[in-house]
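Chains as they are written, first to last, in the numbering used here: chain R, 2 to 343; chain B, 32 to 282.
No lab work stands behind these hints, which were simulated from the structure alone. Some clues are possibly wrong.
Claimed, not checked - Taking CB as the label site, the calculated pair distances span:
id, chain 1, residue 1, chain 2, residue 2, range
1, B, P210, R, L27, 50 to 56 Å
2, B, P210, R, D120, 32 to 38 Å
3, R, L114, B, R226, 46 to 52 Å
Glycine is no exception: its CB is placed at the ideal position from the N, C-alpha and C atoms.
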Amino acid sequence: MNASSDVGYHAQRHARWHYGEAVFWLAVLACGFVFPNRYLIMTDILRLALFAMSLDLILGYAGIVSLGHAAFFGVGAYAAGLLALHGIVNEPVLALIVAGLAAMVLGFATSFLVIRGVDLTRLMVTLGIALLLEALAERFSNITGGTDGLQGIEMQPILGEIPFDMFGKAGFFYSLAVLFVLFLLARRIVHSPFGLSLRAIKNNPLRAAAIGIPVNRRLIAIYTLAAFYAGIAGALFTQTTAIASLDVFAFDRSADLMLVLVIGGTGYLYGGLIGAVLFRLLQEVFSTITPQYWQFWIGLVLVVIVLVGRQRLHRWMLYVPNLIIKQVAGRKAVVAVPEGDS
Amino acid sequence: MTIALETQNLEKQFGGLRVTRDLSLKIEQGARHALIGPNGAGKTTVINQLTGVLKPNSGRILLEGQDITDLPVHKRVLRGLSRTFQINQLYPDLTPLETIGLAVSERLGHGGDWWRRMGTRSDVNGEIADLLTRFHLLDVMNEETVTLPYGKQRLLEIAVAIAAKPRVLLLDEPAAGVPESERHDILAVVGSLPRDVTVLLIEHDMDLVFSFADRISVLVSGALLTEGPPEQVARDPQVKAVYLGEEAVNV
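Just chain R, with the same shape it has in the complex:
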């Protein structure tokens, strides 16, 4: 192999599919058949995973912190609700895309505020925007239904063929398909020169500009895309639960998202997915044990994660799966562990 093709081979190192990834997605799909009476919570996890992946795109790759990501989730949720309620767009998939675009427009408009500041400013600005939208949604109750939320949403069949059933089976597979497609897109993007330039900006914006990267333009682009993803997550929420209420904008929702990424890790796309599963499972377990104080235990887990270090935890947790994969694949194929996140 000459140096040039060698370079090409190594440049695509992370972009190639690993066995662990296939195992992961097959396992998720299998859940849909193994736990037929758990569709509601599993759908909830998928939505959270998509929402977290959206935050990972800006936080893990571009280094933009946000405490108001629910703004886009909320806009997507209300957009999908209004589209269905008033029969503007009846077909769910099309409505999903339209709702995502609505959030995207908001993301583009607010990106100019967000890219200006440093971390603390960004936290405040993003938080402020989410609070602002929540207040607006409450004020214009003639459109949003105010504190009652949008009621009486009736979802039409997906692609005109598959109706949403009361067990949430269709909703689960629909959400899974959406998550997977958007994951593929995100995976494609983060391994492109554009995606790499985001990591460069996160690492060192001064140097990034000094090699000709238009830093602000790239940040605006990824922020807008992340808003689209969050909007889709919000729209899925409305479509699969047939409600949209003010709490889609709630601060808790944005804050939980940060916790999900702390648990799952950032900058390798699976962090949001794994984090969403663990977060909801922990929530379930703890609220069964102590319905009142489950947040105490979640807090404790977070402290442990920060103290022990995520890298080490992953190594312990993935020890057995990696052992099996090594036996099957016979070489250094291991479940993706986050690389170089801080």
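Chain R is already provided as a structure; the job is to place chain B on it using the hints.
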């Protein structure tokens, strides 16, 4: 002789402090020009204005005759003005392969490419391989930059600047902090830059300056003290007084 890079009456103030005073420099095409001066003379401030990190209060900057005073940093790079930093400015989490790959991609206009995978363009790959080989980085191309020894990081710093294929290259103390054993690589690389690249060198190391430069400008307190070929500058009593001390310089 055509002028590659020029400043006209450049002026920069931080509060009441004038750090660049009425500075007019002309750097000829293909020159090996050195900008020297004692600590605090404002050398790096000049570089930062040339590259667009700082905006001058007044005065103009011309790159190959075109006014670039108001251009943002990344546009100046695409016009052919590239730099290295006195203190390494690299991407700790990225590998040399990725670092150089990005610089090459940006220059060829593929930087915004969001669909195509990194590493699938053979022209980009070829160039990356060339640069990695030239800068002795091929063996460490998959290591994270933060784990590389300092000398390698310094080479990468220069390689990134070269990857932008500059017509004017600003070298801000390229050998700063490099251990004696690794200096040779750096000096060889700097010495072997093609002649059509104009180089402005900011340096403390007088041996390097006098062996490399064919023209020297001396900056003191933000103003130009004198300018000329090395022999002349070395003999200049004013320069000796303010900068070199009374120590004789061997040319």
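These are the hints, each one checked on the structure:
Distance hint check: the CB atoms of P210/B and L27/R are about 52 Å apart, consistent with the given range 50 to 56 Å. About 35 Å separates the C-beta atoms of P210/B and D120/R, a value consistent with the hinted range of 32 to 38 Å. Look at L114/R against R226/B: about 48 Å separates their beta carbons, and that is inside 46 to 52 Å.
Consistency with the previously given hints is maintained throughout, with no hint failing.
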